[in-house]
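Asks: Two chains, two frames, a set of hints: combine them into the complex.
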Amino acid sequence: MTGVLTSAVAVADIRMSYGDLKAVDGVSFTVAEGEFFGILGPNGAGKTTTLEIVEGLRKPDSGTVSLLGESPWPRNPKLLPRIGVQLQASSFFEKLTAKEQLETFASLYGVGRATAGDMLELVGLTDKADTQESKLSGGQRQRLSIACALVHDPDIVFLDEPTAALDPQARRNLWDVLRDIQQRGKTIIYTTHYLDEAEILCDRVAIMDRGAILAMDTPSALVRGLDAATHIKLQLGTLRVDEARELVGVEEVAEDELSLTISTRQPAPVLSALAERGALDGLQVRTATLEDVFLNLTGREYRA
Amino acid sequence: MTTFKSLSSAMFKGFYRDKMTIFFTFVFPLMFLVIFGLLFRDSGTDKTKIAVIGDGPVIVALEQTGVLEFERFDSLDAAVAKVQDGDLPAVVAARGNTVEVRYARSDQVKSAVVQGIVNGVVDKVNLGVTGRPPTFTVESQSVEDSSLQAIQYLTPGILSWAVSISGVFGSALTLVSWRKKQVLRRIRLAPVSAATVLSSRVLVSIGTAVVQAVVFVAVASLPLFGLKLAGSWWLALPLLVLGTTAFFSIGMLVGAFCKTEEAASGAANFIVMPMAFLSGTFFPLDQAPAWLRTVSKVIPLRHMNDGMLDVLVRGKGIEALVVPSAVLIGFTLVVGFIASRVFRWED
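These protein sequences, in sequence, are chains P and H.
Those letters in the first sequence? Residues 1 to 304, by our numbering.
Those letters in the second sequence? Residues 1 to 347, by our numbering.
Here chain H stands alone, though its shape is the one from the complex (with noise of 0.2 Å):
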């Protein structure tokens, strides 16, 4: 025990003096959680913003939709101009009893938009100005969905993603490093068994990744980003456990093959890097094509991410956890059986 504890202090000690470690741990991942955050900031709450001339009653009931933002013109022609500029999708002018709509012809989605407003709008107030009551009526009530503010997709990912690169590079790293210095032989010539000298490592590596998520989560949570975590949060505790074995083995594996750390750095590049689009880390993979979003359902990172997004911002319960669990710890079986068997002492 004192073995197992001294060598993880030593490691935990090599591991955080060294700032190339320390960058591409925490600040290199932190650096896309602020920048994607940023700009997906105001992403689903635009307002659509058209030019507007004249006032009136139309007028009126269509800044009370909430929906549309003006911007208001004195003439008709400056007001086209911007339409064909590209700069507004269109234009909406009240001359007495006439609405009049001028709409872009390449943004057709954002003007049968506006046209379905304006239409329903003046529809309404013509209703009003009868004083019949309406025939028919509409009931409508919001939903709850899951769909979700980038920063609450973001972090659960990014968070991942940090996590697979921290275990991979840092096993693999490790490993070609105490190679290369012998420090292997070392430990081989020590009555310490290998197991010990293993689980201290990975020890590190956890307790690295539950460093990871509780600044990641505390940057996101920031009111400029606003991330808000669900009650069910803990339960991203085991994943983190499972997902560092996993990439853990992974490293291992690629620090069997390579000789020197800039191979094995640019091995774990091209693994950790492709991973990471493909599991949906930075944009979410409901878009892409369907061979795609198969070959993501055998990698690893796609599944923590799963995990992740529902304890962390989705509010799930602990079933939540059986799938993702499974594949990581299948993930680190068969990838760490592989890596002990093609492990190398020396060169």
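Just chain P, same shape as in the assembly (with noise of 0.2 Å):
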């Protein structure tokens, strides 16, 4: 962790009820300044009403929020232009182009229109500048949406699920554009529920499940921390299981109509006894993921 005076979100114990439903339950979490930050669950788990008490937009029935040393509730004038937020829906004026669009929320900020062309390059739009809102693809509309709330150059971005309901293409481009963002020194927080996304994209992770987070660190450090095994698949046919039995550092060997499935913690010295054995035809090695930390810290399966 950095120091107090770097980090540029401090969230302390937050909660909010709606009814009897607590959507938040005592959230705590802090961000540095430069960090890829995100917030990830299934749907319902309380990322987005974080993600708009965060943001300013929700009064928490308890706790603390700071941005960048300020507090965002009550609606703070002064902290607004150094917060950028893409909202879940795609939010833009009607019947205008995405240049004009980038230019209004531009003068919303009271920033010039020069900007405009930078944010459509830097979302890589500049071809569809004078293309209208409405008849943009999917994709397209959620990286002019991104570009909006980069505009007025803020030094916290929010980013609520940018790459939902987007086909895998479009997905990796957006993530090209979210690295990009990351370079130029913005602080990222953005919620998903594509775990593996996350894996890729973020410093930090917190994992979130009713309302409370489960468990916060990098990627990686949650998954070594599970302590899972590793799995290799092989063909059926290729080898037995009694002769799977045998091998060095094999725990568990299970077999279905289509293949057969060793778990280890050793993966090298396996890996290699299978090479000399000239069983590696059709081999895949599957290492845990977010998915198996969700699932280690739930009890459930994840389902998005």
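Among these hints, one or two may not hold up.
[As the list claims (entries may be wrong)] List time: in silico DMTMM-like cross-link candidates among lysine to aspartate or glutamate, alpha-carbon distance up to 20 Å:
hint, chain 1, residue 1, chain 2, residue 2
1, P, Lys233, P, Asp160
2, H, Lys181, H, Asp18
3, P, Lys95, H, Asp74
4, H, Lys181, P, Glu161
5, H, Lys180, H, Glu262
6, H, Lys124, H, Glu139
7, P, Lys78, P, Glu33
8, H, Lys180, P, Asp160
9, P, Lys233, P, Asp281
10, H, Lys181, H, Glu346
11, P, Lys95, H, Glu261
12, H, Lys110, H, Asp87
13, P, Lys95, H, Asp18
14, H, Lys180, P, Glu161
15, P, Lys59, P, Asp160
16, H, Lys49, H, Asp74
17, H, Lys49, H, Glu63
18, H, Lys13, P, Asp130
19, P, Lys99, H, Asp18
20, P, Lys59, P, Asp25
21, H, Lys124, H, Asp87
22, H, Lys181, P, Asp160
23, P, Lys22, P, Asp209
24, P, Lys95, P, Asp127
25, P, Lys99, P, Glu70
26, P, Lys59, H, Asp347
27, P, Lys59, P, Asp20
28, P, Lys135, H, Asp18
29, H, Lys82, H, Glu69
30, P, Lys233, P, Glu257
31, H, Lys297, H, Glu319
32, H, Lys19, P, Asp130
33, H, Lys297, H, Asp286
34, H, Lys180, H, Glu261
35, H, Lys49, H, Glu71
36, P, Lys233, P, Asp292
37, H, Lys82, H, Glu100
38, P, Lys233, P, Glu251
39, P, Lys59, H, Glu346
Hints listed in this document are in silico derivations from the structure and should not be mistaken for laboratory results.
From a predicted model like this one, the values you see are computed outputs, not experimental measurements.
Replies: Pasting the structure below:
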């Protein structure tokens, strides 16, 4: 952790209930300047409510939030130019082109029109400058809405499920955009229900379920902390079950109609033993992921 | 100021690029103006058409009155048949020194008019034959009255109605769609005041009202319709501004309660259409029952109508603006205040 002075966001024990439902139940975290921080969890975990409280859109029942040393609630006009928020729905003005949208959002912050072109380039929409927002594809619209959140050059950027409902190619394009934004020195806080994506993008993640943070660390530390076995999957017929059991380091062997799966915490000797026997055809290695972390934490399979 | 300017221009573009908006703001009310304008074009100038048989000094004198139109027949039976069919109100047949009048029993007013004219003409011709000067004389002179040609009445009314449509619908739909699409949320997260956003949207509506006025007056002034503007027409400008703010505040109130655009446009219709009829947009309220005329006094469109009529065609001066302006300002303040109380940033 970096020191208090350089933390961009500090959230302490925030709580928020809707009737009986505890949407956010004692959440605390800090995010350092320049950090890419992910809040993960299934739908209904309380990610969006947490984000809205941090952005200053909602007042928590209890707890405190500090953005760049200031409280976002009540509406704090001094703070607003320093944060950029991309919302879950694509919120645009009617019938304006991509460039006009950016110019209009810039004007809300008293920023000149010049940055609009810059932002279009950043998100790869330069050739769509004169296209009306309603005629853009889902991925393009999502990128435009991120550009709108960045147009006034904020220090902290909040992105709520920016990759939701995108096809795999559009998601990957967006990852590049998000990495570029981090390179510009922005602090990014984003929510997602794609654990694989968070594992790739985030410096640190908080896994949320039922309104509370279950674990918070770098993705690799979380996975390592699991001490989970590596699964090696072989095509059926390359190795017999009893042969597999005799290999050094093998903990468990399972066989179904299609494949034979070896579980091990020492994948290196097992793999070299398999190589010696020429049993590498169609071999698949699956190491633990954040989904296994989620399973371990909640006892439930992860379902986005 | 730049924020205000670019917001206004963004909203202006958004507004004018929407074909539906253009239709309901300009084309739809204009259709009413054209249809009613054509329908009532000749009203009041109709001559009464009667069947005429024969000739002579009485028939010539009748023609000279200028208020009757003749359809000539050769036989009395054919002419009476026309009256029986209800096509003509009366037959006038001159045979020698007798003038015979047959009239339809159903249309007593028209028949009385025809009989009155015929009797008057016959008396005059009789007097002329005697060669004596008349004992009593009548002197008559025409007086300019304030009853209006249809187009003179329709243009201010339909223009005010159109301003109410674009004001109520414009603000209600913008508010609902911005809330639904979370544009309101984006605005709330930007260091811009709600007043700036609101006033730039009102400015677009005021601009629209002025454009409506220009277009409608231009169409009504075509020779086909023949609108004649009074010299004080420019006094309509403050009414357009105040009318827009009053209807805009009604739209804000509607928008505060509706979750979807469909609901908002239904609610706006529910307000605007009855308001148009109760305010005498299409038909004067002179014939309406007293209670209805009383009800209409609390409707802002009624007062905008009255004011527009006074300054656009009746040529009244600035004093004609006092009551309408006071009502419209009062309406804006009261409804606007309620709307701001019930305003919601999100659902």
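Asks: State for each hint whether it applies.
Replies: Hints versus structure:
{"no.": "1", "hint": "Lys233(P) with Asp160(P)", "verdict": "violated (36 Å)"}
{"no.": "2", "hint": "Lys181(H) with Asp18(H)", "verdict": "holds (17 Å)"}
{"no.": "3", "hint": "Lys95(P) with Asp74(H)", "verdict": "violated (71 Å)"}
{"no.": "4", "hint": "Lys181(H) with Glu161(P)", "verdict": "holds (16 Å)"}
{"no.": "5", "hint": "Lys180(H) with Glu262(H)", "verdict": "holds (12 Å)"}
{"no.": "6", "hint": "Lys124(H) with Glu139(H)", "verdict": "holds (15 Å)"}
{"no.": "7", "hint": "Lys78(P) with Glu33(P)", "verdict": "holds (19 Å)"}
{"no.": "8", "hint": "Lys180(H) with Asp160(P)", "verdict": "holds (17 Å)"}
{"no.": "9", "hint": "Lys233(P) with Asp281(P)", "verdict": "holds (10 Å)"}
{"no.": "10", "hint": "Lys181(H) with Glu346(H)", "verdict": "holds (10 Å)"}
{"no.": "11", "hint": "Lys95(P) with Glu261(H)", "verdict": "holds (16 Å)"}
{"no.": "12", "hint": "Lys110(H) with Asp87(H)", "verdict": "holds (12 Å)"}
{"no.": "13", "hint": "Lys95(P) with Asp18(H)", "verdict": "holds (7 Å)"}
{"no.": "14", "hint": "Lys180(H) with Glu161(P)", "verdict": "holds (18 Å)"}
{"no.": "15", "hint": "Lys59(P) with Asp160(P)", "verdict": "holds (18 Å)"}
{"no.": "16", "hint": "Lys49(H) with Asp74(H)", "verdict": "holds (16 Å)"}
{"no.": "17", "hint": "Lys49(H) with Glu63(H)", "verdict": "holds (11 Å)"}
{"no.": "18", "hint": "Lys13(H) with Asp130(P)", "verdict": "holds (13 Å)"}
{"no.": "19", "hint": "Lys99(P) with Asp18(H)", "verdict": "holds (18 Å)"}
{"no.": "20", "hint": "Lys59(P) with Asp25(P)", "verdict": "holds (14 Å)"}
{"no.": "21", "hint": "Lys124(H) with Asp87(H)", "verdict": "violated (29 Å)"}
{"no.": "22", "hint": "Lys181(H) with Asp160(P)", "verdict": "holds (15 Å)"}
{"no.": "23", "hint": "Lys22(P) with Asp209(P)", "verdict": "holds (11 Å)"}
{"no.": "24", "hint": "Lys95(P) with Asp127(P)", "verdict": "holds (18 Å)"}
{"no.": "25", "hint": "Lys99(P) with Glu70(P)", "verdict": "violated (32 Å)"}
{"no.": "26", "hint": "Lys59(P) with Asp347(H)", "verdict": "holds (16 Å)"}
{"no.": "27", "hint": "Lys59(P) with Asp20(P)", "verdict": "holds (17 Å)"}
{"no.": "28", "hint": "Lys135(P) with Asp18(H)", "verdict": "holds (14 Å)"}
{"no.": "29", "hint": "Lys82(H) with Glu69(H)", "verdict": "holds (15 Å)"}
{"no.": "30", "hint": "Lys233(P) with Glu257(P)", "verdict": "holds (13 Å)"}
{"no.": "31", "hint": "Lys297(H) with Glu319(H)", "verdict": "holds (18 Å)"}
{"no.": "32", "hint": "Lys19(H) with Asp130(P)", "verdict": "holds (19 Å)"}
{"no.": "33", "hint": "Lys297(H) with Asp286(H)", "verdict": "holds (13 Å)"}
{"no.": "34", "hint": "Lys180(H) with Glu261(H)", "verdict": "holds (9 Å)"}
{"no.": "35", "hint": "Lys49(H) with Glu71(H)", "verdict": "holds (7 Å)"}
{"no.": "36", "hint": "Lys233(P) with Asp292(P)", "verdict": "holds (17 Å)"}
{"no.": "37", "hint": "Lys82(H) with Glu100(H)", "verdict": "holds (16 Å)"}
{"no.": "38", "hint": "Lys233(P) with Glu251(P)", "verdict": "holds (14 Å)"}
{"no.": "39", "hint": "Lys59(P) with Glu346(H)", "verdict": "holds (14 Å)"}
Violated hints, in rising order: 1, 3, 21 and 25; the structure is consistent with all others.
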